[in-house]
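J.: Produce the complete structure using the sequences and hints provided.
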Amino acid sequence: MAVDVSMPTPVVSGKTTPSTDKTTTASTATTGIADNFQTFLTLLTTQLQNQNPLDPLDTNQFTQQLVQFAGVEQQLKSNEQLKSLIALEKSAQATQALIYVGNTVAVDGSTQQFNDSATWNLKAAKAATAEVTITNSTGQTVYSGNYALSAGNASFVWDGKGNDGVQWPAGAYKLTATGKDSSGKDVAIATEIQGVVDSVDLTASPAMLSIGGQNYTTDQIRRVIRPSTTTG
1 MAVDVSMPTP VVSGKTTPST DKTTTASTAT TGIADNFQTF LTLLTTQLQN QNPLDPLDTN
61 QFTQQLVQFA GVEQQLKSNE QLKSLIALEK SAQATQALIY VGNTVAVDGS TQQFNDSATW
121 NLKAAKAATA EVTITNSTGQ TVYSGNYALS AGNASFVWDG KGNDGVQWPA GAYKLTATGK
181 DSSGKDVAIA TEIQGVVDSV DLTASPAMLS IGGQNYTTDQ IRRVIRPSTT TG
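Counting from 1, one number per residue, gives the positions in the sequence shown under the UniProt record's numbering.
By construction, these hints were calculated from the structure, which means they are not laboratory data.
It should be emphasised that the depicted structure is a prediction, and the values quoted were computed from it without experimental measurement.
All C-beta atoms in this analysis are idealised placements derived from N, C-alpha and C, irrespective of residue type, glycine included.
Do not take every clue at face value.
[Said to hold, decoys possible] Below, a list of computed lysine to aspartate or glutamate pairs in the EDC-like style, where the Cα atoms sit at most 16 Å apart: (1) K174 - E131; (2) K123 - D186; (3) K185 - E131; (4) K123 - D108; (5) K161 - D116; (6) K126 - D186; (7) K174 - D108; (8) K174 - D186; (9) K126 - D181; (10) K180 - E131; (11) K123 - D181.
[Claimed, not checked] Simulated restraints, written as ranges between beta carbons of each label pair: (12) Q220 - V157: 18 to 28 Å; (13) K161 - A188: 22 to 32 Å; (14) S137 - N163: 14 to 24 Å; (15) S84 - T129: 52 to 62 Å; (16) G165 - S137: 20 to 30 Å; (17) Q140 - T178: 11 to 21 Å; (18) V67 - P206: 32 to 42 Å; (19) V67 - A188: 25 to 35 Å; (20) S84 - D198: 25 to 35 Å; (21) L82 - K126: 43 to 53 Å; (22) D201 - N60: 51 to 61 Å; (23) T42 - L85: 29 to 39 Å.
T.: Written out as structure tokens, the structure is:
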């Protein structure tokens, strides 16, 4: 049974600024109040024609009406601009998600798809002895063991074999890890799953990355793992 606990391969930052050749902005054909300013003037004229000569309307009232009119118009135009900004942000998020397709990434999580092998990343704040337990989709324990972890990140690779040497089938498996330091105090161990982004759902908001049948958002990505290279 080949179970490997090792430091992860070198990584590159997941923060990448994509370049775009064309920006599409959302626009609407909503008619603003100012586009029908003549109607407003007609209302004011009618109001003047029908005012009481003995009690004429206060000019301050007209001024207030003009100010209110301008304020409403500005609010409507601001709403249209916000719609355009939101559309641009969604487009940028979708473009950013596309750059991850085909790359190996690490994301927050504990459930990994096993097919020949499965890799989890374990992160401990300080050196600890970790008790690792792997369960299948029905909650049955298929593997458990104790491993020494150093402070920082380490990769745990499972070959699909249980403690009895039985080879488990492909499927979703969950890893949990609890740790204790040399004095017996509990040490928190964070788990991440590692896999290749095979597709992106751009119809979702925000865009969803598919990794081994599981969906994740771009803000869940912690690292992008650069493939190791060998020299002959």
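J.: Each hint needs a verdict: does it hold in this structure or not?
T.: To see whether the hints hold, each was checked on the structure:
1. K174 - E131: holds, 14 Å
2. K123 - D186: holds, 14 Å
3. K185 - E131: Answer holds: K185 to E131 is near 13 Å, not above 16 Å.
4. K123 - D108: holds, 11 Å
5. K161 - D116: holds, 10 Å
6. K126 - D186: Status holds; Cα separation ~11 Å.
7. K174 - D108: Holds. K174 to D108 sits at ~13 Å (cutoff 16 Å).
8. K174 - D186: Violated, at about 21 Å.
9. K126 - D181: Distance ~8 Å between K126 and D181 Cα, so the pair holds.
10. K180 - E131: Status holds; Cα separation ~9 Å.
11. K123 - D181: With Cα atoms ~14 Å apart, K123 and D181 stay inside 16 Å; holds.
12. Q220 - V157: 18 to 28 Å: holds, 21 Å
13. K161 - A188: 22 to 32 Å: holds, 28 Å
14. S137 - N163: 14 to 24 Å: holds, 19 Å
15. S84 - T129: 52 to 62 Å: holds, 55 Å
16. G165 - S137: 20 to 30 Å: holds, 21 Å
17. Q140 - T178: 11 to 21 Å: holds, 19 Å
18. V67 - P206: 32 to 42 Å: holds, 40 Å
19. V67 - A188: 25 to 35 Å: violated, 59 Å
20. S84 - D198: 25 to 35 Å: holds, 33 Å
21. L82 - K126: 43 to 53 Å: holds, 47 Å
22. D201 - N60: 51 to 61 Å: holds, 57 Å
23. T42 - L85: 29 to 39 Å: holds, 35 Å
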